[in-house]
Amino acid sequence: MKPTIAIREPVVDDLMDQTEKILTEEQIEKVINEVIDQETGVRLQTYVNTCIHCGLCSEACHWFLSNDRDVSFAPVTKVKDTIWVMLEKKGKVDAAFIKRCSQIAHTECNVCRRCGMYCPFGIDIAYMMLVVRRICAKLEMVPLYLQDTVNSHAATMNQMWVKPDEWIDTLQWQEEEAQGYVPSARLPLEKEGAEIMYSVIGPEPKFLAQLLGNITVIMKVAGLDWTMPATAGWDNSNMAMYSGDFEVMARVERLHHETAQRLKVKKIVMGECGHAFRGGEYDGPTWLGWMSPPIPIVHAVAFYYDLIKSGRIKIAKKVEGPVTVQYPCNIIRNAGLGSKLQYIMNAVCEDFVDLIPNDRHAYCCNAGGDTINCGPPWKKIRVQSAKIQSENFKRTGAHTIVTPCHNCHSGVEDIVDGYKLGMHVKFFSELLIEAMEIPEHLKPKEE
Amino acid sequence: MYEFVSGPLVWIAFIIFIGGSLYKIYNMLSGAKKDITLFRHMSLKHSLASLVHWVIPFNNQYMQKRPIFTIVSFAFHICLILTPVFLLGHLVLLDESWNISWFNIPDKVADWMTIIVIAGCIFYLYRRLTDPVVKNVTDGSDYLLLAITALPFITGFIAYHQLFAYKTILIIHILAGEIMLIAIPFTRLSHMLFFVFTRALFGSEQGYWKHSKDW
Chain A
1 MKPTIAIREP VVDDLMDQTE KILTEEQIEK VINEVIDQET GVRLQTYVNT
51 CIHCGLCSEA CHWFLSNDRD VSFAPVTKVK DTIWVMLEKK GKVDAAFIKR
101 CSQIAHTECN VCRRCGMYCP FGIDIAYMML VVRRICAKLE MVPLYLQDTV
151 NSHAATMNQM WVKPDEWIDT LQWQEEEAQG YVPSARLPLE KEGAEIMYSV
201 IGPEPKFLAQ LLGNITVIMK VAGLDWTMPA TAGWDNSNMA MYSGDFEVMA
251 RVERLHHETA QRLKVKKIVM GECGHAFRGG EYDGPTWLGW MSPPIPIVHA
301 VAFYYDLIKS GRIKIAKKVE GPVTVQYPCN IIRNAGLGSK LQYIMNAVCE
351 DFVDLIPNDR HAYCCNAGGD TINCGPPWKK IRVQSAKIQS ENFKRTGAHT
401 IVTPCHNCHS GVEDIVDGYK LGMHVKFFSE LLIEAMEIPE HLKPKEE
Chain B
448 MYEFVSGPLV WIAFIIFIGG SLYKIYNMLS GAKKDITLFR HMSLKHSLAS
498 LVHWVIPFNN QYMQKRPIFT IVSFAFHICL ILTPVFLLGH LVLLDESWNI
548 SWFNIPDKVA DWMTIIVIAG CIFYLYRRLT DPVVKNVTDG SDYLLLAITA
598 LPFITGFIAY HQLFAYKTIL IIHILAGEIM LIAIPFTRLS HMLFFVFTRA
648 LFGSEQGYWK HSKDW
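In order, the protein sequence lines correspond to chains A and B. Each step along the first sequence adds one to the number in the numbering used here, with nothing skipped, and position 256 is 256. Each step along the second sequence adds one to the number in the numbering used here, with nothing skipped, and position 12 is 459.
Some hints could be false.
Below 20 Å or equal to it, Euclidean Cα-Cα: the simulated PhoX-like pairs (lysine-lysine) are [what the hints assert, rightly or not]: (1) LYS582/B <-> LYS80/A; (2) LYS2/A <-> LYS582/B; (3) LYS317/A <-> LYS426/A; (4) LYS512/B <-> LYS660/B; (5) LYS21/A <-> LYS99/A; (6) LYS191/A <-> LYS264/A.
In short, the hints are calculated from the structure, not lab data.
Using the sequences and the hints given, assemble the complete structure.
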């Protein structure tokens, strides 16, 4: 089979370039065969032997569709250029090949699982891309910025090198901010036996701290018994899950769940993040052999749905004008929260304009699955390959795009900038805080 | 020659086909046990739901986006399976040897069904040669599999209409059928066996484990 012709602008990625120089072919062969023999089992073999090379998966992929149907971006091509060669050559490949594998699997695929829904046989191509990532990670062939977040997870148990005192300080600062709206609001730290442990991803304390203030207000208005940990284990994000470093992934997930167990809470409610839900609900417990989380995890979308539906939070004034939404793959296609997201959007927006395609068929923001964490070197092609979703946003004519996921939020901001859409990008909680009713007795007293 | 290909070789072909298929499936299932998470992600209900939803034409996104492919593929696969099993000519042979028989389809219909299979193969060949994505992932083996699939039907058509060299064509037809049977478990034609399992796994992961749907 002839190699695929892939034309790409050269990208300088210091870690990948460095790794390419030092990797030996013996190392590569050993790791590829180890992963394929010991970690993939028959699943990979069956997928490869069942694929009839029909190319139908290409129609699913936003990379393929956004790049004028460039063959080198089609899902089946990504498998051909990585797994097929590894299997055919029994791991005897060179460092340049592994670098290309990392480029394909880490920077040109969001493991969004949309292609699986287009395969007549249900072959999970994203799974195969994760196998490629696993091999690359074991060979330390990972984009620099992504590896930096993994190192942060390994060293600090959070994604953004947030130090313990900074974490506590940020929470206390946001508690004060929240008290500006609702003076009796509290952000309870380390409250053992609370009903809910609220966990967030590293970027929230780092540069989106207002979201912590928002949830403090929402929890007070809803009258819930909640807490946040003051120790490591507060970060539910997991970039190691995406780099392929599953050992670090497991440490992060284990600590997150054990922190909830230490606090003796009934459930974990998490902020608006898709991959964190995937890690906490599925990939983490599976790798750890638990299968399901020991303490139930509730994503923000399902949490807000319950609050609004039950009337614990009442909507005073809906957001005016057309508003649309980005459906995060990891909570919609891969967790079935689509109709709940539509419900809460309709609840807080006067004019919710849906996307086409929507729900589990919606396109990825092209930032998820780690691609945005690959950093500035890989940004240009990432934004260029989100063209199809930019057109979908444009069609809605909305003034605001709601993104109940951090990766989507940053990715959609890049889309809005890159394609000059002139739209605002907001988390759902930012809309909710504006729209919800704050009962009289909770409001600040006029002096 | 005719006696050999229509006698012992048929036995050999069916033994390899059935034995090989069972072996392959057994191998897959016993290998799958090593992956402790795999079966725990599966549910019968969601496996069946996925299978049912995917054998209904135009019931998912890709089929709606590719109407011609969908129609050709359904017609092709239905005719591919039904024609040889319910062909009068085949049933007569079975009746003569084992004295068993079942419902047959009229020869005229079977003739058209054969043409549909051949046309389907031509369509797939055309796609392999012209669709850039498919062309890029096509190698000799894909053409070979297409030839293995088409040959029994082409020769069957010629033999039925007795267009030329009846006896020779008939022998080639039987051989071609036997080659196809033998090839199924050991080539990517095994999607006939495995699609049920890959579908079931993805359907279960999406439906049972992730509370979503895969169609």
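Structure-based check of each hint:
no. : hint                  : result
1   : LYS582/B <-> LYS80/A  : holds, 12 Å
2   : LYS2/A <-> LYS582/B   : holds, 10 Å
3   : LYS317/A <-> LYS426/A : holds, 17 Å
4   : LYS512/B <-> LYS660/B : holds, 18 Å
5   : LYS21/A <-> LYS99/A   : holds, 10 Å
6   : LYS191/A <-> LYS264/A : holds, 9 Å
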